[in-house]
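Chains as they are written, first to last, in the numbering used here: chain A, 37 to 149; chain B, 109 to 223.
Note that these hints are calculated values from the structure, not bench results.
Ideal placement from N, C-alpha and C gives every residue a C-beta, glycine not left out.
Hints are not guaranteed to be accurate.
Examples of chain A residues lying across from chain B (beta carbon under 8 Å, computed) [as the list claims (entries may be wrong)]: (1) G44; (2) L56; (3) Y68; (4) N97; (5) F99; (6) F126; (7) Q133; (8) G134; (9) I138.
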Amino acid sequence: AQSVTQLGSHVSVSEGALVLLRCNYSSSVPPYLFWYVQYPNQGLQLLLKYTSAATLVKGINGFEAEFKKSETSFHLTKPSAHMSDAAEYFCAVSRGQGGKLIFGQGTELSVKP
Amino acid sequence: GAGVSQSPSNKVTEKGKDVELRCDPISGHTALYWYRQSLGQGLEFLIYFQGNSAPDKSGLPSDRFSAERTGGSVSTLTIQRTQQEDSAVYLCASSHDRGSGNTIYFGEGSWLTVV
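Chain A extracted, bound-state conformation (with noise of 0.2 Å):
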């Protein structure tokens, strides 16, 4: 079956730094993989998604993730973090019959002045 593993519940970063969220799957074929985020109190939020169209995937608010099917990952970094990116984060893949997401156990981004 597949499904996404988060390493890290929380991940602490300094303003400016780079941000690395790790994501692996587990799947026997080409996954369907995105990454979501939640800001306190609200509900996700797409980030990016990955769809076998191109290896490295650009979202919004700066962030991208490359999928490597070599390592099965598919990590989820920003060069620069800004204070507004602390929320958590949550990759899931997309499964069976009407390709409803299962998701990683998320992880805390918080961001240090």
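Following the hints, position chain B against chain A.
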């Protein structure tokens, strides 16, 4: 509306009472999903609708949980005889397409507290 709309945004109910949570998806979206988000369990899939049919109900945790969708639009998630472990945020989402890889848009959730 412009996005997925959910009501109520907050609900406090007594243990044993029934609750109904409503979702109004993005206009024209045929696929609708319910998820539950809780501290211990993360984001859990509950049910998927395509039109008014629910081909995937595999995530409903017990027979106290049910959902329906009418007119291919509004959906209601009903929890009967609520228990404290039902306390969570219930998220509704919708999508224009039905296949894997389709973009799914989420509402802001209904926060349920069972006391």
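Worksheet entry | Unmet hints by their number, sorted upward, for this structure | 1, 2, 4 and 5
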